[in-house]
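Visitor: Using the hints provided, position chain B relative to the given structure of chain A.
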Amino acid sequence: MSASQSAVRSRAEAVKVSRTFDWMILFTLFFVVLGGYHIHYMLTGGDWDFWTDWKDRRLWVTVAPIVSITFPAAVQACLWYRYRLPFGAVVCVLGLLLGEWVNRYLNFWGWTYFPVNFCFPSNLMPGAIVLDGIMLLGGSMTLTAVVGGLAWGLLFYPGNWPVIAPLHVPVEYNGMMMTLADLQGYNYVRTGTPEYIRMVEKGTLRTFGKDVAPVSAFFSGFVSIIIYFLWHFFGRWFASTDFISSENL
Amino acid sequence: MKLLKDKVAKLSFVALLAASSAAMLYTPTAAAHGEKSQAAFMRMRTIHWFDLNWSKEEVKVNDTMTVTGKFYVFLGWPETVDKPEVSFLNVGIPGPVFIRQGSWIGGQLVPRSVSLELGETYEFKVLLKARRPGDWHVHSMMNVQGGGPIIGPGKWTTITGSMKDFVNPVTTLTGETIDLETYNLDNTYFWHALWYALGLAWLAYWIRKPMFIPRSIAMESGKANTLITATDRKVGMAFVAGTIALVATAMTSTNEKYPITTPLQAGLLRGMKTVEMPAKTVTVKVEDATYRVPGRAMQMTLKITNNGDSAVRLGEFNTASVRFLDSAVLEDTTGYPDDLLAEDGLTVSDNSPLAPGQTRTVQVTASDAAWEVYRLADLIYDPDSRFAGLLFFFDEAGKRQMITVDAPLIPVFI
Chain A
1 MSASQSAVRS RAEAVKVSRT FDWMILFTLF FVVLGGYHIH YMLTGGDWDF
51 WTDWKDRRLW VTVAPIVSIT FPAAVQACLW YRYRLPFGAV VCVLGLLLGE
101 WVNRYLNFWG WTYFPVNFCF PSNLMPGAIV LDGIMLLGGS MTLTAVVGGL
151 AWGLLFYPGN WPVIAPLHVP VEYNGMMMTL ADLQGYNYVR TGTPEYIRMV
201 EKGTLRTFGK DVAPVSAFFS GFVSIIIYFL WHFFGRWFAS TDFISSENL
Chain B
250 MKLLKDKVAK LSFVALLAAS SAAMLYTPTA AAHGEKSQAA FMRMRTIHWF
300 DLNWSKEEVK VNDTMTVTGK FYVFLGWPET VDKPEVSFLN VGIPGPVFIR
350 QGSWIGGQLV PRSVSLELGE TYEFKVLLKA RRPGDWHVHS MMNVQGGGPI
400 IGPGKWTTIT GSMKDFVNPV TTLTGETIDL ETYNLDNTYF WHALWYALGL
450 AWLAYWIRKP MFIPRSIAME SGKANTLITA TDRKVGMAFV AGTIALVATA
500 MTSTNEKYPI TTPLQAGLLR GMKTVEMPAK TVTVKVEDAT YRVPGRAMQM
550 TLKITNNGDS AVRLGEFNTA SVRFLDSAVL EDTTGYPDDL LAEDGLTVSD
600 NSPLAPGQTR TVQVTASDAA WEVYRLADLI YDPDSRFAGL LFFFDEAGKR
650 QMITVDAPLI PVFI
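As they're listed, the protein sequences go chains A and B.
Read in order, the letters of the first sequence are residues 1 to 249 in the working numbering.
Read in order, the letters of the second sequence are residues 250 to 663 in the working numbering.
Read the hints as simulated data drawn from the structure, not as lab findings.
Please note that the accuracy of each hint is not assured.
[As the list claims (entries may be wrong)] With a Cα cut of at most 27 Å, we get these calculated DSSO-like pairs of lysine-lysine:
no.: 1; chain 1: B; residue 1: K309; chain 2: B; residue 2: K374
no.: 2; chain 1: B; residue 1: K506; chain 2: A; residue 2: K210
no.: 3; chain 1: B; residue 1: K458; chain 2: A; residue 2: K16
no.: 4; chain 1: B; residue 1: K413; chain 2: B; residue 2: K305
no.: 5; chain 1: B; residue 1: K332; chain 2: B; residue 2: K319
no.: 6; chain 1: A; residue 1: K16; chain 2: B; residue 2: K472
no.: 7; chain 1: B; residue 1: K319; chain 2: B; residue 2: K522
no.: 8; chain 1: B; residue 1: K332; chain 2: A; residue 2: K202
no.: 9; chain 1: B; residue 1: K404; chain 2: B; residue 2: K378
no.: 10; chain 1: B; residue 1: K534; chain 2: B; residue 2: K506
no.: 11; chain 1: B; residue 1: K319; chain 2: B; residue 2: K404
no.: 12; chain 1: B; residue 1: K404; chain 2: B; residue 2: K534
Keep in mind the model is a prediction, meaning the values are calculated, not measured.
The shape of chain A in the complex, shown without the other chains:
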């Protein structure tokens, strides 16, 4: 067979090779994204995602969406511009959540015995589905950034509320009031994570009474729009193919 000849001999064989290629790329993409996104999110979101007593109405709501829209934006840009495939955000979050659950179950619980109800990851899936859906329906990166980025920030807190609300039930403990999440943080000793490291409920957002979560979510959404733009350019750059002219060699 010469270099100019096709590697396949029939259409059926071409389809088979193409599908094999699909699964290989998808498998590789999934685990590369799982690793990269997981490290990125642990380094930037870290404790806010690890512990229930960090999942507050202000900083968790603000920080987690901003630092987590990065990989979805980049992978979405790559898959959309090259293949018109609108599952970049979902595949990222599927990979991240799988990696996080493996980590939380085997490391946090399996090695160090922190209860899973204290160290489960945040749920990013509602935002990811909407982000991909808007990409599909609008076909515009600008629209996806503005509407999808905002939705990413806005859906985060309500998307997690069914899981964390039971842990925000108050309890009286030795004469002080705290939430069950606070109590988890106090009961289950973290030698290397003293209480003052917690960045919760800090800030100057005091004019909205108790309803600070929606304001934080809006702010998070606005910043997510900017971060989406930035990271989608990374994705486009990564997905581009350039050739060097032989004259320049």
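Guide: Just chain B now, kept in the frame of chain A:
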């Protein structure tokens, strides 16, 4: 060629077996908390722990024990460490082998960070409930923002029983009694599984059709518009609308189920009650201090003046949680950890009772292997080569008074 391949395969197999065996057969327990690695000046010149007591040495799962004692916040706090204005009373244990049921400073519960004053002494208590069986080193510990963890003495404690039996019942302000060990677990798994399944469904819809090569060819040949069908758009709309509806419904039903929720609690606790220590009637001036490296001994020349009305003797020098005792004056009956106790480690050139109004200059030697074992000798490599500690004097009635010392230390290498 085949012979070579077989040899490589065999050698690889042997290497794999050797690596697995090495990993499985030698697995020592990592039980320490880095207490010996912490800079010596940090342990000598920040928080001085004393009068420590571990209520039990063996405890069953679900039973409790306490760690009690006092700590003195050293007045000569090093400049290189942030002041303890934001501190947290902790315990040094390998993960949640116990749960912390309570911790108090001066009788006040301290689930949050506290502000401590230099030169003050505080009483503390930590109540621990046994959770995971094993032998664990239980330390007192103070985390200081900008300073790091300042670990106190540790004692081995054994937990017996089975972790499966552990329970952590809590009654909420809404009247419900729950087991915090397993509370909300099914709910967490349910919501994560549901959303993960929805994500997989979205992915499955797209990957059932040919993906990368045919779509890439279509894109490059200008047929991008043909790649998204009307059905695709309908499915997309259904997913977006369904997601928003599910989030809204789940939030509403959660609010109905948990109508009373409060934000996480945070904030600094100030004004901790201090311990009134007995009035000091003894003054001590450190004339000089040397550390003899080959002999593992620290020698101080102290000028001691007794301004009280009862004769006193020096019984103990306590630094970095290591206690050097003169057994003729003081014997430990508290079960203090052996490795931190030098029962005859304190030698005073003249330790006869110092009468009221009298001044005496004495040579005090604190010698024990603990200087090396606990790496206190590394003090000579610290950026601020000073030593510090607590001296305990005892009068004729057995009353104790605590005097702090803080002075430069000169190493002697020959």
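Visitor: For a C-alpha distance cap of 27 Å, please report whether B:K404 and B:K534 respect it.
Guide: Not satisfied, since the Cα-Cα distance of roughly 33 Å exceeds 27 Å.
Visitor: Please work out if B:K332 and A:K202 have their alpha carbons no farther apart than 27 Å.
Guide: holds (22 Å)
Visitor: Does the alpha-carbon distance linking B:K458 and A:K16 stay inside the 27 Å limit?
Guide: Within the cut-off at roughly 12 Å; holds.
Visitor: Given the hint that B:K506 pairs with A:K210, does the C-alpha gap stay at or below 27 Å?
Guide: Holds - the C-alpha atoms of A:K210 and B:K506 are around 19 Å apart, at most 27 Å.
Visitor: Run the distance test for A:K16 versus B:K472: straight-line Cα separation, threshold 27 Å.
Guide: holds (22 Å)
Visitor: Between B:K332 and B:K319, is the straight-line Cα distance small enough, at 27 Å or below?
Guide: OK: B:K332 and B:K319 at ~19 Å, within 27 Å.
Visitor: B:K319 and B:K522: Cα distance at most 27 Å?
Guide: holds (12 Å)
Visitor: Holds or violated: B:K404 and B:K378, Cα atoms, limit 27 Å.
Guide: holds (16 Å)
Visitor: Can the restraint linking B:K319 and B:K404 be considered satisfied, given a maximum Cα separation of 27 Å?
Guide: This hinted pair holds, its Cα atoms lying about 16 Å apart.
Visitor: Hinted pair, alpha-carbon criterion (27 Å max): B:K413, B:K305. Please report holds or violated.
Guide: Roughly 22 Å between the alpha carbons, so the hint for B:K413 and B:K305 holds.
Visitor: Take a quick look at whether B:K534 and B:K506 sit within 27 Å of each other, Cα to Cα.
Guide: violated (68 Å)
Visitor: Given the hinted pair B:K309 and B:K374, is their alpha-carbon gap at most 27 Å?
Guide: holds (20 Å)
Checked against the numbered hints above, the structure violates hints 10, 12; every other hint is satisfied.
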